[in-house]
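Peer 1: One line per chain: the protein sequences are A and B, in this order.
Counting from 0, one number per residue, gives the positions in the first sequence under numbering that gives the first Met the number 0.
Counting from 0, one number per residue, gives the positions in the second sequence under numbering that gives the first Met the number 0.
Don't read these hints as lab results, they were simulated from the structure.
Just so you know, not all the hints are guaranteed correct.
One copy or two, either will do: identical chains are not told apart, so a pair holds if it fits within one copy or between any two.
Claimed, not checked - In silico EDC-like cross-links for lysine to aspartate or glutamate, where the CA-CA straight-line distance does not exceed 20 Å: (1) Lys-389 / Asp-185; (2) Lys-169 / Asp-334; (3) Lys-359 / Glu-343; (4) Lys-314 / Asp-32; (5) Lys-389 / Glu-56; (6) Lys-359 / Glu-22; (7) Lys-337 / Asp-44; (8) Lys-389 / Glu-264; (9) Lys-359 / Glu-311; (10) Lys-314 / Glu-93; (11) Lys-169 / Glu-408; (12) Lys-314 / Glu-202; (13) Lys-337 / Asp-32; (14) Lys-314 / Glu-22; (15) Lys-169 / Asp-284; (16) Lys-359 / Glu-202; (17) Lys-337 / Glu-202; (18) Lys-314 / Asp-239; (19) Lys-337 / Asp-249; (20) Lys-169 / Asp-10; (21) Lys-337 / Glu-258; (22) Lys-169 / Glu-61; (23) Lys-337 / Glu-253; (24) Lys-359 / Asp-4; (25) Lys-314 / Asp-249.
There are 2 protein chains.
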Amino acid sequence: MKTADLQPHLDTLAPQFQQDLMEWLRIASISSDPSCMRQTSEAADWIANHLRRGGLEVQRIETQGHPLVFAQSPPIPGRPVVLVYGHYDVQPVEPLEQWISGPFEPTIRDGNIYARGATDDKGQVLTHVESLLTLIEAGVRLPIQVKFLIEGEEEVGSANLERLLPSLAKQLDCDVVVISDSSQYDVGQPAITYGLRGIATFELRLDGPRQDLHSGSFGGAVTNPAVALCQMLAAAIGRDGRVQIPGFYDGCRELTEIERRRLAELPYSDAEFARSIGVDALGGDQRYGALERRWTRPTFEINGLTSGHQGEGGKTIIPATASAKISCRLVPDQDPEKVVAAAEAFFHAQTPPGIRLHFKRGHAAPGMLSRLDSPYIAAAQRAIESAFGKQPVMIREGGSIPIVTRFQEVLGADCLLLGWGLSDDNAHSPNEKFCLADFHRGIAASAQLFMELGSLNHHRAGHG
Amino acid sequence: MKTADLQPHLDTLAPQFQQDLMEWLRIASISSDPSCMRQTSEAADWIANHLRRGGLEVQRIETQGHPLVFAQSPPIPGRPVVLVYGHYDVQPVEPLEQWISGPFEPTIRDGNIYARGATDDKGQVLTHVESLLTLIEAGVRLPIQVKFLIEGEEEVGSANLERLLPSLAKQLDCDVVVISDSSQYDVGQPAITYGLRGIATFELRLDGPRQDLHSGSFGGAVTNPAVALCQMLAAAIGRDGRVQIPGFYDGCRELTEIERRRLAELPYSDAEFARSIGVDALGGDQRYGALERRWTRPTFEINGLTSGHQGEGGKTIIPATASAKISCRLVPDQDPEKVVAAAEAFFHAQTPPGIRLHFKRGHAAPGMLSRLDSPYIAAAQRAIESAFGKQPVMIREGGSIPIVTRFQEVLGADCLLLGWGLSDDNAHSPNEKFCLADFHRGIAASAQLFMELGSLNHHRAGHG
């Protein structure tokens with residue numbers, strides 16, 4: 000069955016899809032807000048009940064926080080199992096006064112639906128639910144088993160899901176995980192994200208004198224922790240943007256020729272990117288192009304610096320302490336543990352006399368890279384092209400989605416990141432939106448994907 | 000007249016001196032606290048009335064803030080004029096719960112008087128008032144004219160006095176300014192401070208992207224302002240403690256042989272100093288000894304660093320901005336304006352593409368150095384030796400007292416910094432104290448100084 004055959008059904012149901020989405024969006028499921036406990040639970044129940052309409056087996060899995068919603072269609076022996084992952088929780092809505100229409104009063108303007116959660120992630124995950132329900136209602140014999148895992152704590156770090164994942168491994172067993180929680184490359188240019196960067200975070204705290212000292216009476220004889228911190232961090236990252244920590248780049252996988260060519264073909268302008276973020280020149284290691292640097296090269300970024308006097312005016316002290324928060328983005332096949340260990344050793348070696356370094360490890364996750372030649376990607380390409388009328392470009396993403404690498408590790412499954420959103424959708428900001436045409440194209444692409452995957456074999460089908 | 004002749008008078012009056020001090024200390028003259036307005040004014044009136052008891056001409060000079068108290072004895076033609084400068088305002092008293100006895104309930108324990116302002120500066124400036132009143136009461140014919148300028152805003156920056164100084168120049172005209180608002184070198188070792196460091200402060204603010212950016216999606220292609228700040232500051236100050244800004248050291252006056260010898264003779268231990276501030280090693284330019292570095296060499300200190308995420312946890316951003324507060328201590332004959340201009344030029348040259356530097360100048364004041372061979376110093380040495388029973392050591396101080404350099408500039412007068420306090424007097428901290436024996440020795444030394452100065456000639460007497 001092709002989308003073309005399903006299209007009349009989808010067209011007929013389009014108003015209903017929109018109504019469903021608006022209903023879900025009206026529920027203020029802000030996972031970080033204790034006053035939204037009832038609504039967050041209600042949003043879980045809404046999608047659970049919606050999934051039940053298709054006759055799926057649905058389960059509400061309680062956690063120490065917000066519940067998980069799990070659903071599955073019947074298994075199809077010998078055919079692939081797809082797990083759709085998404086989340087029903089949303090970001091806070093402040094500053095409220097900047098919203099044109101209320102964050103939980105979904106409103107359509109210029110072909111977009113405006114509401115908190117429209118693109119992140121209710122609107123996007125719903126495409127897969129609606130597509131499956133439509134296939135079932137249309138009497139199509141499902142060629143694969145589809146599972147859903149829709150959680151309520153993605154916006155607060157997914158800690159409970161991460162904790163439960165090993166115990167859920169059997170239930171979630173699948174060949175491929177499909178996630179729609181990201182963006183197309185540009186307006187009118189769909190994309191498949193086949194790579195993510197990993198992450199390693201840590202903090203440096205440098206302790207010097209017992210307490211802040213008078214910079215006049217003591218200055219000159221005391222190692223200033225803030226000065227030492229600047230010197231140590233400057234030693235870690237060169238003016239050319241290259242990280243100077245020995246071993247930092249160990250294992251970094253270089254781009255393949257195909258990747259390099261595809262990347263070069265993407266419409267992209269340094270000048271436009273610089274303008275969009277408000278700078279007059281880009282930074283980083285100039286041996287690599289800017290997209291390459293953002294997607295495929297590791298980074299060492301200072302996320303925060305704190306020492307001594309904050310706020311207005313002066314205070315002539317030698318601060319007792321200085322600290323920095325660091326996050327490194329990693330690429331396949333850097334080993335996060337080794338990177339952190341290398342950084343720790345480097346900074347200890349760099350610590351001058353008179354300073355005590357406290358190195359505090361944060362979280363770490365490796366980068367993710369799907370095989371460009373995987374049959375799942377090929378199926379997704381066909382599905383997207385048929386629904387969007389344009390071949391998707393293959394992109395990577397500089398950010399990290401720790402749960403994706405956890406899925407890979409625990410479930411041993413490939414991940415397909417199929418973003419239907421746009422980069423200006425204001426996820427996490429006021430006036431979050433989702434293009435309704437993309438919502439409907441997403442449903443069509445999802446339906447087509449489920450059908451396409453039916454032609455593949457079960458379990459690591461294409462990995463032979 | 001020698002102190003010996005005056006001593007019986009001083010001994011008789013000692014209980015009265017102590018009572019006077021306690022009375023003054025009971026007045027909560029916290030200049031920074033608007034709720035202490037009445038008490039601050041009352042403290043000014045208390046010392047004004049006290050000075051009137053000696054028959055001095057006393058004037059309360061109103062300012063935009065707290066009043067100045069001015070007093071003078073009759074002029075003695077051909078003899079020096081001494082201006083005693085001090086302050087009647089005190090620091091705040093928080094944390095109150097750490098005081099053993101109330102900050103404004105002066106209490107004597109172990110030979111010390113405990114109260115806010117005991118050493119800083121009511122107890123110290125009162126020594127000169129009591130000595131003059133005693134000389135007058137004893138019927139001694141004053142060999143010099145003594146003027147007093149006692150202000151109420153020293154603890155909040157002396158801005159009003161600085162502003163009024165030029166218009167008061169004639170009234171304050173003098174040969175030498177005497178200030179007792181500092182410390183002896185050690186217990187039982189009095190000192191004369193003959194040099195102060197100057198100061199130059201400024202702030203760097205580095206602006207990068209328009210707003211904080213996601214360190215994953217953007218990291219690698221954007222110059223991180225926090226990284227740039229560390230690199231620029233690390234470029235400014237070498238690992239060897241030497242400032243790398245071209246021109247920074249221009250004009251620095253080196254120690255004379257006499258100074259170097261006297262400095263080397265001072266009892267001092269690096270290990271003990273390190274222990275006292277809680278570090279295991281000292282810092283700074285190792286070509287100079289630690290006391291030399293603290294007193295006689297310029298510094299470049301970071302007083303504060305601020306960028307991106309503060310507080311607990313992580314936030315994976317490229318911060319939009321990063322800033323540093325800097326204070327440099329300067330020595331004679333560095334030119335503060337030139338130092339700041341050199342720093343501004345250096346940091347502009349160091350600013351990488353993609354970053355906009357905002358350089359904000361703060362305040363600046365040159366260092367001060369009295370001639371070791373001045374007749375005023377010789378007189379003070381004799382006076383202190385006679386009252387304390389030990390020859391004072393000649394020391395310099397790493398801090399800056401901008402009003403002292405302003406006195407030198409506006410009045411053209413030498414300054415004698417005669418500290419009767421001790422470094423553990425807890426000025427600015429709970430349980431401020433002043434050793435009563437030093438209070439009485441200070442009165443004796445002051446009386447002796449006034450007599451000694453009578454043997455000198457008026458106006459730049461020793462500068463011929």
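Peer 1: If a hint holds in the structure, say so; if it does not, say that too.
Peer 2: Cross-check of the supplied hints:
In this assembly of identical chains, Lys-389 and Asp-185 lie within 20 Å of each other by CA distance solely inside one copy; the values are 12 Å within and 83 Å between copies. With identical chains, the CA atoms of Lys-169 and Asp-334 are never at most 20 Å apart, being 27 Å at best within one copy and 75 Å at best between copies. For the homomeric pair Lys-359 and Glu-343, the shortest alpha-carbon distance inside one copy (9 Å) is at most 20 Å, but the shortest distance between copies (35 Å) is not. Taking the shortest alpha-carbon separations for Lys-314 and Asp-32, only the inter-copy value of 19 Å comes in at or below 20 Å, while the best intra-copy value is 38 Å.
Proximity of Lys-389 and Glu-56 under a CA criterion of 20 Å is satisfied in neither setting, with 35 Å inside one chain copy and 95 Å between copies. In this assembly of identical chains, the alpha carbons of Lys-359 and Glu-22 never lie at most 20 Å apart, being 44 Å within a copy and 53 Å across copies at closest. Taking the shortest Cα distances, Lys-337 and Asp-44 never come within 20 Å of each other, neither inside one copy (43 Å) nor across copies (70 Å). In this assembly of identical chains, the alpha carbons of Lys-389 and Glu-264 lie at most 20 Å apart only when taken from the same copy (15 Å versus 85 Å across copies).
With identical chains, the CA atoms of Lys-359 and Glu-311 are at most 20 Å apart between copies only, with a shortest distance of 12 Å across copies and 30 Å within one. Taking the shortest alpha-carbon separations for Lys-314 and Glu-93, only the inter-copy value of 18 Å comes in at or below 20 Å, while the best intra-copy value is 34 Å. When the C-alpha separation of Lys-169 and Glu-408 is checked against a cutoff of 20 Å, the pair qualifies only within one copy, where the shortest distance is 13 Å, while the shortest distance between copies is 84 Å. In the homo-oligomer, the alpha carbons of Lys-314 and Glu-202 lie at most 20 Å apart only across protomers (12 Å), although the nearest pairing inside one protomer, at 25 Å, exceeds that limit.
For a Cα distance limit of 20 Å, the shortest separation of Lys-337 from Asp-32 qualifies neither inside one copy, at 36 Å, nor across copies, at 54 Å. For the homomeric pair Lys-314 and Glu-22, neither the shortest alpha-carbon distance inside one copy (55 Å) nor that between copies (32 Å) is at most 20 Å. Proximity of Lys-169 to Asp-284 under the C-alpha cut-off of 20 Å is found in neither arrangement, the shortest distances being 44 Å within a copy and 64 Å between copies. Taking the shortest alpha-carbon separations for Lys-359 and Glu-202, only the intra-copy value of 5 Å comes in at or below 20 Å, while the best inter-copy value is 29 Å.
Taking the shortest alpha-carbon separations for Lys-337 and Glu-202, only the intra-copy value of 16 Å comes in at or below 20 Å, while the best inter-copy value is 38 Å. Taking identical chains as interchangeable, the C-alpha atoms of Lys-314 and Asp-239 are never at most 20 Å apart, the minima being 34 Å within one chain and 25 Å between chains. Within a single copy, Lys-337 and Asp-249 get their C-alpha atoms as close as 9 Å, which meets the 20 Å cut-off; across copies the closest is 47 Å, which misses it. Taking the closest pair of Cα atoms, Lys-169 and Asp-10 never come within 20 Å of each other, the shortest separation being 37 Å inside a single copy and 94 Å across copies.
Taking CA atoms no more than 20 Å apart as the test, Lys-337 paired with Glu-258 passes in neither setting, with 26 Å inside one copy and 54 Å between copies. In this assembly of identical chains, the alpha carbons of Lys-169 and Glu-61 lie at most 20 Å apart only when taken from the same copy (17 Å versus 84 Å across copies). Taking the closest pair of Cα atoms, Lys-337 and Glu-253 come within 20 Å of each other only inside a single copy of the chain (18 Å); across copies the shortest separation is 50 Å, beyond that limit. In the homo-oligomer, the alpha carbons of Lys-359 and Asp-4 never lie at most 20 Å apart, since the shortest distance is 57 Å inside one protomer and 68 Å across protomers.
In this homomeric assembly, Lys-314 and Asp-249 never come within 20 Å of each other (Cα to Cα): the closest approach is 43 Å inside a single copy and 26 Å across copies.
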